[in-house]
Every structure is written in structure tokens, then in C-alpha cells.
Amino acid sequence: MLWTWGSGPPHAWRGRSGRLLAARAGLILWPLGVWKPSFGSGAATPCQSAERRLNAIVNPLLLYVGLAVGAVGVLMALPRRKVNPQIIGAVIAAAALGGVILHLGLRAADAGQMPNINFYLFAGIAILAGLRVVTHQRPVYSALFFILTVLSSAAMYVMLGAEFLAFALIIIYAGAILITYLFVIMLATQAPSEEEVEALSPYDAEARDPVMATAMGFLLLAGLTGMLAQGVGSLDPAGSAGEQQAIVAHLPGKVMRDLNARGVFDGLEKPAEEKLHEHWDVSAGTVTLRVTDRAALEQSMANERVAELVSDGGGEEVVVHLPSNLKASNIDGVGWALIAGHPMSLELAGVVLLMAMLGAVVLARKQVELGEAAKARAVQFLHAEEED
Amino acid sequence: MMLWALILIPLLTAALIASGPRGAARGTAMLGSLISLFIAGLAAFQFDWGNSGAMQLGGSVPFLPSFGVEFSLGVDAVALALILLTALLQPLMVLGSFSAITSDEKTYYAWLMALMAPMVGVFAARDLLFFYVCFELTLVPMFILISLFGSTNRKKAAIKFFLYTFTGSILALAGLVYVAWKASAQTGAWSWDIATLQMVAQSMSLKEQSWVMLAMLAGFAVKIPLFPVHTWLPLAHTEAPTAGSVVLAGVLLKLGTYAVYRFVLPFVPAAVAEYAEAIALLSIVGIVYAGLICWVQRDVKKLVAYSSVSHLGFCVLGMVAINLIGAQGSLLYMINHGLSTGALFFCIGMMYERYHTRSMDELGGLAKKMPIWAFFMGFFTMASVGLPGLNGFVSEFMCLLGTFQSGAEGVGGVRGPLGFWFAAIAGTGMIVAAIYLLYMVGKVVFGPLKEPAGHGHHDDAHGHAHLPQDLTGREIGVLVPLAIGCVVLGVYPTPVLKAFEAPIQHTLAAYDGVNFEDFDGEDDDHGLALVALPAQGEAR
Amino acid sequence: MTLLDAIPTLSTLASGGAEHFAYHVAEAGPKWMALVPGLPLLGAVICLAMLLFKRDMGGRSRVPAYLVTALLGISFVVTLIGFLQWNHGQPWVVHAFEWINVAWGSGAGQSLQANASFYMDGLSWLWMLFVTGLGAAICLYASEYMANDKGYARFFSAFALFVVSMSCLVMGDNLVMLYLGWEGVGLCSYLLIGYFYTKPSAVAAAKKAFIVNRIGDLGLALGLYLTFTTFGTVQYDELFAMVSAGVDGSGHSLAGTWQATWIPLLLMIGAFGKSAQFPLYVWLPDAMEGPTPVSALIHAATMVTAGVYLIARMYPLFLMDEALTALHVVAYVGTFTAFLAATIGMAQFDIKRIMAYSTLSQLGYMFAGLGVLTTNGAAYHVFTHAFFKATLFLACGAVMHGFAGQLDLRKLSGLWNMKGWRIVSVAMLVGCLNLSGIPVITAGFWSKDMIIAEAFTTPNQVIAGSSLIGWVLLITAGMTAYYTFRVFFRVFVGPVEFEPGDEAHGHGDDDDHGHGGDDHGHAGHDAHGHGDGHFHPHAPGWAINFVLAALAIGSTVAILPNFMGDHGWVGGLLHDSTAFYQSGFGHHEAPAGEHALANSKMEVVPVAAHSAPAHGAPSHDSAPDAHAAGEVHANSFLGMNAHAVMYYVSTLFGLAGLAFAAYLHGPVGAWSFGIGNRTKAAVSRADGWKRAIGPIGRWAEHKWYVDEFYDLILRTPLRVIAHIFHAFDKLIIDGALVDGAGLLPRLLGRTLRPMQSGVLHGYATGMAAGIGIIVLIVLVMTLS
Amino acid sequence: MLINLLASHAAPQLHAAIEGGLGAITLYHYLFVAMVMFALGVIGFLARRNLIIMFLSTELMFQGAGLALIAFSRYHFNHTGEVFVIFVLTVAAAEAALALALVVLLFRQRESLDAQEWSSLQG
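Protein chains in written order, with the working numbering: chain P, 651 to 1038; chain V, 40 to 579; chain C, 45 to 828; chain B, 3 to 125.
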């Protein structure tokens, strides 16, 4: 029984697709700013899951005003040559974007639910740091702010249950990539002279077409937020135990190790790992094991260290419930998804990395080959400089 | 099997050249082309000449069965003759390039050899798609040969050559695919077999046939090239390296006429009968027009290039006469033009290697310095002029006779669309050909000696130490086979004519029921009938 | 078998009276007849091989000359043997190999057969005899004449090839073979005229000859095609079988068909080109740029008579037409050419040119003879002309050879009295007498007479204006005598005086610039001491003298055939050929008082006319039967029997011309019969006359500006058209249409190009905008 | 430091959030943050002239995309999104390596990091 993604059991969220389609009708009015505070009622619109729509959470008018103010702020924050209202711009932008997010939180509070402080904290840090990444005049600081963004992103990953990736992000991004950036920045950013250590390169000091860039970025943002109105909603609680079970079914080693650690096998015969599935009823979540030492079994049952015994006919075999908290972790899931679902992609990623490595080696090698004449001239020139 | 070998061996040779050392390039090419020639000769021996109308030596390998595409090969006498011409020219081209190409030999010889495969493929294909792929594939090596090894204006020439012929071919593909689609709609399965498609195409309505003919001609006429779409040819010829010009004149142009013979004539007989006069008119205009243009050229190679346009006009004219003599003349013309014009390009190339100019203003009276070269130049010029006893005559004569008798009255006349005036006006092309070719020979070969500046003190300066004044043995070796071919085909064309008879009859069978209406019935527009003199009694 | 056996028995004429030519079923001839063209071909190939493999010792080897002479001699002997073995009356067909053989059906006319086969009847024999005979003789002459030329092997190769082509032309058994030879002699003519290829004028003349000939060839080709479509065959025996029955290939009567008119007209154009008749005559005078033996053989004796041969060969086809349209044209054009060439010949100073124009003029006679229905006269004139014109040319050649290319009659005088020149002078005299038609003792007299007499005899109803033709020919005869003896009187008699030409030809100076006119200028004769004023004329050697003597004798002996049999030997041969046409207008008195063939008088019987009743469609208007014998009266010459009085009349004209020449150009003394008064080479009484006639003399000297006229109306416009076409091709077709089509995408690209600023941000902005647009599109799509 | 913070203090809440859902924090919240990060990246890429900053901006865009992917992954209860983030990381790493190598190369040629220096592709 090889279970694969996509052909597996139905998930709860799948049933929503019909509603997603139905929700489009209501969206016609949404960009026009017709907002009905129908939060929680669900009956005012033909769409039953109206609360999941964007306008249920934030007033679009407010959203767009917030975005516009943010755009002005970002515009001001971008480096320019003469008058440089960077700080003011940063403040305005932060206020605007923060306001939007805060509004989201207030809305959530209105619904009687406490906003998740952690989310707002890290979202704010990420956005603020991102703002500084693109506006700071000194590349080194930009890179450092980017590390901050990465870290807060990682925090949000954790909140989303992706612990593995959160740490992978920190290790790869903050640990490797950004360090490379820093090296390159230091290599490539040279002060014009010793006196002007503080001087900025002209291309750092001045943005190119800031109005155009900001307009483009925020229009894109507005368009994307508009798209969200297609009906995404809150994140359902993890309800899919079956999926976890399914993954566990493929991880006999993990089950064995877990059962072993819990002492479930005390007094019972420990099956070979590859034979485990013969004893294991995945759907029921039980294992049928042969009794080897009845006394030890009873001892362990007495110690309440073993799982519940489903049936014990007093014979040679007993049926044991698997521990209720025995399920696939995030890493198990990612690993399984990688190996079972996207093995070719994994290989490709390896190839990409290898190629990139080779490419970087080739590119970074000094390639300017001087001809003999040019070399001679260069030598002469150097000699001349030395004599000076 | 041998046809496969003829396609694969050049490719293999090309690969070997590309991967081998530079010094071995020309040797490998020579060997490969000689093997090809040997195999072609072997094929000619295996071919059952008694049954020359049937497709022989073939075989097919499915390629895309669901789409009906096959690698399907087979030749009749016409195709085999053209393959033999290709195989004969190949070693000569390699041999003729020894001194002309001194750099980047691997690239040159590899592409030169790679060019042979699709050319053979075109002639040997029995599958339409395979034919078309080969037809187009010839462009790539040629493009590279021109753009890398041509003379000063080569980039433009190569691009023009490629784009022009390619654009035309796309239209031809549209026409061919329409026929295939039509066939698939009728039979329910895709097939690209030429014989099958031929049946379907013949059953199309006149309107459909006309469009299909127009589409096919758009591609093939560019390749031939017919009058208004000929301008790529002089440029490409002039700029191409010698062997490139030779293969261009010798084989590549024949792809167009061969395609007309193989596809246009049998596929759309009704449309051809309807528009034969128009095609013939274009051919005739091309004959005279290009001929006159030749006369005012200053560049020898360009002159010969334009003469190709003029000559192939005869070829097309003979073909649309829709009778045996015309078609035989036309097919023979393909081979003859390949021999004589190819040889002329060789001669001009040899001259160019010595003087680095082709301008008639700078050259003259070279017979004095290079008598042997002058002999060959004169010889092939005369073959090109159509002097009886040499090859050009038989084909030109038959093309014109076919044109003349097509639709003519009298016992020697046959049903057909053309007639007296077509032959008479096309016949002026004979005069024009004499004018421009003798003009060229008179300027370059004869007359007082004139050499470009810097060549006057030939003996002192040794400007061309690597080449003696007159032709070397190798160069004579290039020209002699062609000269022999010219004489043999001129003196004893009977075997070739006999072999072509069956396949042509096979092709012309498509016209059995076709009505050349303009020339039947009362509306007899022989202009001559009107000026016939009154009877004797009245005269007295 | 003797020559006398060749005399035909005119039984067919006597009995049937309606047979217009003697059609005989051919019989297979011996294969060795193929040696006649085969041997010269071998010679040509060997010479060529010597040339290509550089075995001719740089032109010093005499092998080519002797080889070709020997082979031509053998060829002549073979021809002679064949002729003697030939059963008179029945043509031979000798099949060599299949050349072109195509069949698209089994019915009549559904195949094209043109084999390498030979057809030998009286006409072919006549031509072949003098082609090979004269060829061999002139080849011998050339072996000395060309001795010091570098291109010795080349010359003899082309020379031999010429004989091959001429053999094919004459002996071919079908029109395609004739066409092969026709073009072949054209090629050899081209090669030999352009023999001195470093001389621009020679190259131009060669080119001109070839191209003008090609115009005629087109006519011939079209005539050939029309013959084929009409008769379904191009083979003589089949063709003439049909024509003799008066039907075309499908059995329909030819009477009144347009083909009957046009086939001869088209063939005639071919004949005009090759035989240099007006308006296609312009190449022949220029052709004198070639070596003199070439002029003698090709451009006087043989090749230019190919047109006569063609018309004679195809005479039945010419007679198919009831109205004889083509023969009318032939007669008029021939007469006009004869007269025109004579006028030009009178005003020239270059003796070789004069001979060239005299050739033109005599060819005109031959055509006129064909036109006035005397194939016998035309063929006999061809025969005699071949001898005496060859003699004249070779004599001129000897002069040219000896005097370093000097040909101006104003700069030569008194050769008769110079040492070593006597044979040349005598030969010249013989030739001149023949050409002038001095009575009785010259063959030219008899042959020319036959034509003029026939012109007067032929009724005007048959050939309209035949009397006028006769008068013009008579006057031309007088002019001929004048310009011929103008040459003789000025060059060969009188005080010894000469001025050498500017060539070093024949003086051992065999470097590359033998014939002047090349880039090294006129260094030629300076090289051997002429610079100090001592020029020694180079008297001809044994070969030249021998050949000249032989030809002079031959010219005289050519009288004899005229007296063999009723119509002469030539007439006998013609009777056994397709060219036979016995007009019989008036009593054709055999010369030398032999009995006249009384019953040879018969009506003109064009084939189509007499075939009409045979096919059941009698027409009293057109059928000759309607005219009782004698109804169509033969014309007369001023009321007298033309044949009887013509001898005296033409004698009168000839002598008048001679006397006029003696008066104007004759030196003091016996040679000019006491009326001449010239004492120096340069001055003569003629100069005063020339002034008197004003510009006409100058115009005649400039050949009536015909060349310039052609240049103006043909060559220049054609050249202009060619330039226009070239510009059109370059600018309109290639420029506007092709490159214009290519310009569209280029313009589009040029318009869009500025968007590619090259700056990264530009592309990024574009990308972001693109994403934005896609997002908007998705939004709009999902909203609607 | 931050990681420690997350590990020690936030872990129980996080655990609760995973167990019982994110409460009021909807997918939209995460997507909005992701989009803002992406938009900032776009702005940075378009507005800044320093090649390195431009590449940093692309990394910022990557971050936005990655956050969105993780959120969707969570939303759909599968790991495909996370797998994609792994690829994003891969590509980012590869891109960083190559791009920075290129930057170094370019800097060697012109002694400048200004993107406008390089416009030889101008049409």
C-alpha cells in the first residue's frame, strides 16, 4: 500500500473549493468599497464563508489608504541626494503598514479572540527590517537588516509549524548566504580614499526612479491583496490525524524506536523492523504482538508505561494500542514529501547547487587575460608608479 | 540499404572530421565522399533499369507511427540519376577545395560532408515529411558554408539565402500538410506516403489544387529559382566558396525542380494544366531577362549565377509542357546544368584562387597565361551555351521541342498547354545565352592579357607560390570527370533517356484525363494560322 | 564505274512528268562511311590531347599538321571510294549509333528518332567530296602558312573538328544531326576566327559570327520543330517519302496549310544566318580576322555554303508551298545580297575583305539560283566557287604571309614581276577570271550563267520579278568583274612597289605577340631588322605553291563536269538527291552544242498543287493540270531564249567590268590593254572617279554603315534594356520587393529597440509591470 | 538569541497554536506580510543602483515567497509548500553564489557596483 500525495484521503479543506467559487460573486462589489460588516453572521451574503474573505477582516478603504501612505513613506525613505527625509519616510511607512496590520489585529480582537502577539511582533520586525534593507544607504547595514528579516521570518515559520525549515532558513540564509553577501560587500565596497571612509558611493546615495519603483511595488501589492479577496480564510486546526497516521505507516523504524523507548515491548516479542507491517493495523492504530514473557508484560502494564491493551485473549498474542501521541513530526513530513513526492526535484536541486558551485568557481576566477604587449605595458606602468 | 548508407556515411564522415585532427580533415572528407560515390555506383548496379519507373532499393522504418511518419526511402531512375550526380560532385567538391580552404578546415569539410546527407535524402525520400525535413536541412550546412567561408559580403548573402528559401519552404509545407490533412480526413489515419498523398491530391477540386500548387510553388520556385523570386541566387552564388557555388548550382537548385517534378506535376494536374501558361511565361521571362542581365555583369561569377536563372527557366518550361520530350529534356537539363555550370564555377574558383578577383574589368586574355584553364573554361561555356555534341544541347533541344509540340497541331504534336510562341520566345534565350557567355569568354579568356595590379610581375614576385600559373594535376582531375560527363551525355544520352521514360510516363499518367481547354476546340489561337498565306490559286 | 555513269536517265521525268524530285527508298550503306567524320575527329582529339598534355613542343611540333592533313586526305579517299561504290539513284543510310531516341507511343509521330546516322545521296556526295578534298588541300597549305604560330595544335584541332562538323551537317540522316553539324561548324568558325585571341578585333569578330549565326540557328531550330510536329519525324527518308506524296504525318494533304509556308520560311532563316545573307551577313566580312586558310575553307568554300545545302536538301519542303513564299524570299534576298556585297566590294581596299564581299556576293548568286528554281545552277556554282574562291583566298593569304600582313591594295603593286611570286600571281589570275565569269575558259562563267539564265527563264508567275532578278544579277556580274580585276591590276601588275604590313607573321618571331594588336604593341617586325628599312618579302614555299597550283588547276578543271551528261555532272548528282528540281522553263540547251532535252520542258509543279488532285480535291484554279503545257510560258530575255543568249550577254557584262577596272586601275602597258595609266601603287585614276561620285563612295567603303545601323537599332537598345533589367532587378525586385519585405520586421524591431535600454532597472521595471498586468488581468477575469 | 527566545518562551504557545489552530491569525495575515516583503523587494530592486543591494532585494522577495509557501503549506496541511521552500533556498543559495561571483567579476571590470554602468545590451 503505497500512499501518495494527491491521491490520498479527502481533506477537510478540499470541500471548500465549491465555496471558493461561489465567493467570487460577492467579490464584484468588493473593490468598490462596498463593505458589509457581516463578520460572523454569514447570512448577509450568498457566500456562507463570508467571514473568510478579506473584507471580513479589513476594510478595503483602510487597506488602500494604508498602502498609499506606506508608499509615500517608502518613497521618502529611499535614499536621495539632497534633502533626505529618510527617517520621516521610514516612520510614515512603518506607521502605515503597521496600522494596517494593527487594524487586522483589532478586527481579530473585535471577534473576541486575543490577537497572537508573537505574529504581530515578528511580522512588524520583518517588515521594518525589510524596509531598511531596501532603503539603507550602506550595503552592510542592508545586509544586517536582512538577517533580521530572515530571523523574524524563521519565527513565523515556527508559528506555522515548519520548524525544520525555520532552522534551515536560519542556517542557510543567515548563516551562509548573508555571510557571503557581507564578504562581497566588503570586497566590493571600497572607500574612495582613507579620508572619506564615511563617504557613500553615488550609486548608494541615490535611488533610481524612486517614484516609479515605489508605484510599481505598491501597485503590485495592491493587486496581490486584491487577489486575496478570492477567498482565503483562517487556518483550520490541524484535523488530519489520518494523514499523520499515513505517514507513520511508512516509518516502521520510527515506530519501532518509539515503542522500544516507551517499553511497550517488555514481555512481548519484538518483531523485525521489516516485518512490523504484518502485525500492524494502521487504520485501527493497533499492533498485534506475540507474548514472550507474560510476567514482564504484566509488570510493564502495571507500570503504566505501555499502551493500552486492546485485547488479551490470554493466549499467545495480545493487541496493543499505539501511543496516542505517536505521529509524524514536521521533519518526518518534509522528508517524506521530499523523498516520496518530489524525488526528481530533489535530484535537480542537487544538480542546480553543483552547477552553481562550479559556475561560481569559474566566474570568480580572474578572467582578464592580458596579452603580452598589455602585460609589458602594465609592468612598465607599475615601474613608473614605483619610481614616482 | 544503400540509400541509408548514402545518407549515413556523409554524416558519419562529418562527425569523424569534426572529431579528428585538423590535418586529417580533407583526407577523411575525400575518403568519405569516395565511399559514397562507390556506394552510389553500387546502387546504380543494383538498380533494375528495366523497371526504372518503380521505386527501388527502398525500405522504411517507422518513426512516428501514430502520426504516420516513416523514414521511407526508395528511388526511381530520375531520383537515382540525381543521387549519382550528387555523389559524383561530392568528391570533386572536396578535391576542388584543397587549395581554396586553408583555415578552419575541420568546420569546412565537416559541413560540406554533412550537406550531402539531406541532399540524398531529398531525392530518396518516399515520405513527404522526411522529404521536407531533408529539403530544409540542406539550408543549414549551406548557410554555414556561405557565412563562414564566403567572400566579402557573405553574411548578407547567407542570411538572405536562408531566410528567402526558408520563407518559401514554409509555404510549401503548408500546401503539403494540407494535402496530408485532406488524406487523413479521408482515410482516418495520417499518412505521409507520397504515393498515397498523390492519389488524394489528384482528387481535390480545381480550387484546392490551385491553392496547393501556389503554396508548393512558393517554396519550390524560390529554390529553382523562377523569375521573380530569383534574387537570392546571384548573391549567394557570388559570395559562396567555390564548392558552395558548385553544390548550389549542381544540386541544390535541382531540389526545386525535382520537387516540382515529384510533387507539383503529379499532385495537382488540373491546376498545372490551368496555370501552365503562367508558369511557362515566368520561365520565359526568366530566360530572357536573366540572360540579358548576365550580359551587363562585371563579375564573372555573378554572370554565371544569373545564367543559372536563365537556364533553369528552360528546365521549368520543359516540365510544364507536360509531355515526354519536354519532361525528359527538363530532367536531363537538371543533370547537365549540374555538370556544366558546376564545372564553370570550379573554373572561376580556380581563376579566383590565382588572381583574387573576379571582375571582368581587371581580367582579360587569361588564355595566354593559363591555356589549359582556358580550354576547360571554353569547353564548359560551350556546354552551357548548348552546343550540339555536348550535354547542354540535348536537354535544351528537347525542352524546346517539348514546349513546341505541347498543344501543337500535326501528327508530332501532343496535348498540352504551350505551343509555338512559347518555344519561339524561349528560343531567343539560346541567342542571349550565346551573347552573354561569349561576352564573358571574350573578356576573360580571350583578348589582350590583363591581370589585376600586382600580378603583372608574376614570375618575379611569386605572389602565389603555392599555385602554379596554369592548372595543377589536381585541378585538372576535378574538371576532367565533369568534361567526360558533358561529352558522354551529349553524344550518347540514349541510356539516360530510356531510363527516364518509364518514371516520366508514370508521372504524366496523371494528365490522362486533364483537359487543356485553351488549346482544344474551335478557339484555335495559333497566331500562325492567321498569317498563313492564301492558297496558290488565289495568289495567282 | 565511272563518273559518266552518274548521268541520270530522266525516265521518270519523261514518263510521269509530274514527279518533282526523285524519291528513292534508301538502302543501307557500308559502315565504314562513318570513317569520314571519324578520322578527322580522331585527328582533333589527338591534337587536343597534345595541347593539353603539352606534347606540341610549344607549337613547334609539325605533327598536328601532317596528322590532320593525312587524316583528311584519307577521309577524302574514303569519300571517293564510297562515291564510286554508290549505286546512283538510291541513297545510302549508314547507321552509327542511337543518339536521341524517345517514344511516347507506338503511333505515327509518337516518337522522336535522331540517330547518329548518315544519309548519302547525290547532294551529300557532292558536298562531301569538295569538303574533304578542299579540306585536305587547305590543311596542307596551312601546315606551311601556320608554321610559325604557337597555337599550331589548337589550329589543326579546330580545323579537323570543323571537317567533322561539316560532315555531320552534310551527311546526317536527320535534321537534328544537321543541326548538330550546323552548330558545330559555328563553333569551329568561332574558334578559328578568334584564333588570334589576343587581338580584340578577332575576338569580337568571332563573337559576332557566333551570335549572328545563332539567330539563324533559332530559325532552323523552330523550323525543325515545326517539321517534327507536322510530319512526326525528322529523318530524311521518312520525311521525303511523305513530302513526295504531298501529305503530312497524319496523311492529310499539305496543300494550303500554314505549315507548308512556315517550315521553309523558318529553315530559310537558318540558311541566311549560316550563308551570310542579308540581313544576317554582317559577320562574314569580320570573319576575315581568322587565319587565311580558315577564310578559304570555312568562310568561302564550305561552311558558308551550308545554307545552300540546307535549302537544296529541303527543297521538297520549299516546294510544298503553292505560293513558293520562301523561295521568293530566298530569291530576292539572294539577289539583293549579291548586289549589295558587290557595291561594298568595289569600295574596299583590303584585298581579303574584297574577297569576303565577293564571297557574299557569290553566295547571293547561289541563293538567287535556288530561288529561281535552279538547284542545279546553285549547286554547280557552289562547286566551282569552292575552288576558285579557295584559290583567291589562298593567294591573298600568300600575299599577306609574304608581306607581313599587308593587305591594302594601295600599298602593293607588281607582284607578278617579283621573284618567287609567279605561281601565286597565276593562281590569282585564274581565280579572278573565274570570279569575273570570263567566258568559256572559266568554270565560274558556266555556273554563274546557269543561274542568270534560269532567272530570265523562270516565269514571273512562278517567281514574281524573276526577270528583274536576272537583270540585277547581270549588272552585279559586271561589278564583280570590276572589283575582282581592280585587285589584280593593282596588286599583281604594274611597277614593283610595296610597303610591308605591321605584322611579323611568318618570320621566325614566334613569341607571343605574333599577330600584333596585343598589349606589347607593334614590336613584332622590328625584331627582325625591318626597323632599318630593309624588308624582304617572304615568298611562299612549296606547300603553298603546290596547293595554289592544284586549286588553280582544279578551278579550271571544274568546267568539265558541266559537260558531263545532259545537265552536267552536278545536275546528275542532284537528280539523285532531294534537291532535284527540273524546272524546264525554256529549252535547256546543253552546253557545247549537245542535244537539248526537248521533253524536259514541263510545267512548274509545286508539290502541294499537284498533290491536290491526287487526294480527290481537284481545283482548277490551283491545279497545274489546268494549265495546258505551254500555257505558262517561260520568260525570255528580251524576246530571245535566255539560255541561248545568256552566254553572250553575260560575257558582255563581264568584259565591260574588266575593261572598266583596267581603265581605272590598270598600269601602263599590256596588262591593262592599253587603257590603264597607273604608275605608282598608291595612285590611280579611280581616285578622281571616287571624288566625282561624292559621298556614295565613302558610304560604300563604310559598308553602307550597316554595322553601325545594327548597332544602333539592335545592340545598343538591347544593351540598354539589359542595363534597365539589371537596375530593375537590383532596385525593384531585389531592392524594393525582397529587401522591402525584409524591411518590415526590421522596422518593427527598430521601433521596439529603444525599449531595450540596456540598464538592468529598465528590464526589471518591465518585468514588474508585466507581473502587475497579469495580476490585473487575473483580477478582472475572476471578477467578471 | 531570538531563537533561544522562541525556544524557551514562545514554544508552549506555539505548540498550542499548532494544536488548536492559529486562532484569529488567518492565512491572510501571513500572505499580507509575505506580499509586503515581496513588494519591498520589488521596490528595492527597482530603486537601488547598487548591484549587491539589488540582489539583497531579490532575496527579500524570496523571503516573501517562502513565507507565503509555508503559510499555504500549513493551510493545506501538507508539506509540498515546505518542499518548495527548500527549493527556494536551494535556488537562492545557487543564485547568491553565482550572482555574487558575477558581481565580483563586474566590479573588477569597472570598479563600480552601479547597475547603470552595464548597459551594453542596449538595443
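Honestly, the hints are just simulated from the structure, not real lab data. Everything numeric in this text was worked out from a predicted model, so none of it was measured. Glycine is no exception: its CB is placed at the ideal position from the N, C-alpha and C atoms. Heads up, a few of these hints could be off.
[What the hints assert, rightly or not] Each computed EDC-like pair below joins lysine to aspartate or glutamate, with the alpha-carbon atoms no more than 20 Å apart:
no.	chain 1	residue 1	chain 2	residue 2
1	V	Lys341	C	Glu142
2	C	Lys774	V	Asp338
3	V	Lys341	C	Asp193
[Unchecked claim] Examples of chain C residues lying across from chain P (beta carbon under 10 Å, computed):
no.	residue
4	Asn685
5	Ala688
6	Val803
7	His805
8	Ala808
9	Ala813
10	Ile815
11	Gly816
12	Val819
13	Leu820
14	Val822
15	Leu823
[What the hints assert, rightly or not] Simulated restraints on C-beta separations:
no.	chain 1	residue 1	chain 2	residue 2	range
16	C	Ile768	V	Leu51	50 to 60 Å
17	V	Thr511	B	Leu104	53 to 63 Å
18	P	Arg1015	C	Leu796	34 to 44 Å
19	V	Trp88	C	Ala140	48 to 58 Å
20	C	Gly802	P	Val1001	24 to 34 Å
21	P	Met994	V	Ser58	25 to 35 Å
22	B	Leu104	C	Leu796	39 to 49 Å
23	C	Ala140	V	Asp400	31 to 41 Å
24	V	Ile209	C	Gly793	13 to 23 Å
25	V	Arg513	C	Leu796	18 to 28 Å
Comparing the hints with the structure gives:
At most 20 Å may separate the alpha-carbon atoms for a hinted pair to count; lysine 341 (chain V) and glutamate 142 (chain C) exceed this at roughly 38 Å. Taking the CA atoms of lysine 774 (chain C) and aspartate 338 (chain V), the gap is about 14 Å. The hint holds against a cut of 20 Å. Proximity of lysine 341 (chain V) to aspartate 193 (chain C) is assessed by CA-CA distance (about 35 Å); at most 20 Å being required, the pair is judged violated. At about 106 Å, the closest approach between the beta carbon of asparagine 685 (chain C) and any beta carbon in chain P exceeds 10 Å, and the interface hint on this residue is violated.
The beta carbon of alanine 688 (chain C) comes no nearer than 106 Å to any beta carbon in chain P, farther than 10 Å, and the hint placing it at the interface is violated. For valine 803 (chain C), the shortest C-beta to C-beta distance to chain P is roughly 8 Å, which falls under 10 Å, so the interface hint holds. This hint holds: histidine 805 (chain C) has a C-beta 6 Å from the nearest C-beta of chain P, less than the 10 Å allowed. Hint status for alanine 808 (chain C) relative to chain P: holds, with the closest Cβ pair at about 9 Å, below 10 Å.
Interface hint at alanine 813 (chain C): satisfied, since its Cβ lies 7 Å from the closest Cβ of chain P, which is below the 10 Å cut-off. Below 10 Å, beta-carbon pairs count as interface contacts, and isoleucine 815 (chain C) has one with chain P at about 6 Å; its hint therefore holds. The beta carbon of glycine 816 (chain C) comes within 5 Å of a beta carbon in chain P, closer than 10 Å, and the hint placing it at the interface holds. Because the beta carbon of valine 819 (chain C) sits about 4 Å from the nearest beta carbon in chain P, less than 10 Å, this interface hint is met.
The interface hint given for leucine 820 (chain C) holds, since its Cβ lies 6 Å from the closest Cβ of chain P, which is under the 10 Å cut-off. About 7 Å separates the beta-carbon of valine 822 (chain C) from the nearest beta-carbon of chain P, less than 10 Å, and the hint is met. Restraint check, leucine 823 (chain C) versus chain P: the minimum CB separation of about 5 Å is within 10 Å; hint holds. At roughly 51 Å, the beta-carbon separation of isoleucine 768 (chain C) and leucine 51 (chain V) lies within the given 50 to 60 Å, and the hint holds.
Range check, threonine 511 (chain V) to leucine 104 (chain B): about 54 Å between beta-carbon atoms, so the 53 to 63 Å window is met. Between arginine 1015 (chain P) and leucine 796 (chain C) the C-beta distance comes to about 37 Å, which sits within the given range of 34 to 44 Å. Between tryptophan 88 (chain V) and alanine 140 (chain C) the beta carbon distance is about 23 Å. The supplied range of 48 to 58 Å is therefore violated. Checked against the hint of 24 to 34 Å, the C-beta distance between glycine 802 (chain C) and valine 1001 (chain P) comes to roughly 32 Å, which is consistent with it.
For the pair methionine 994 (chain P) and serine 58 (chain V), the beta carbons lie near 33 Å from each other, so the given range of 25 to 35 Å is met. For leucine 104 (chain B) and leucine 796 (chain C), the Cβ-Cβ distance of about 27 Å falls outside the hinted range of 39 to 49 Å, so the restraint is violated. Separated by about 47 Å at the C-beta atoms, alanine 140 (chain C) and aspartate 400 (chain V) break the suggested range of 31 to 41 Å. The hinted range of 13 to 23 Å is satisfied by isoleucine 209 (chain V) and glycine 793 (chain C), whose Cβ atoms lie roughly 20 Å apart.
For the hinted restraint 18 to 28 Å between arginine 513 (chain V) and leucine 796 (chain C), the CB-CB distance of approximately 52 Å leaves it violated.
Hints 1, 3, 4, 5, 19, 22, 23, 25 from the list above are not met by this structure, while the remaining hints are.
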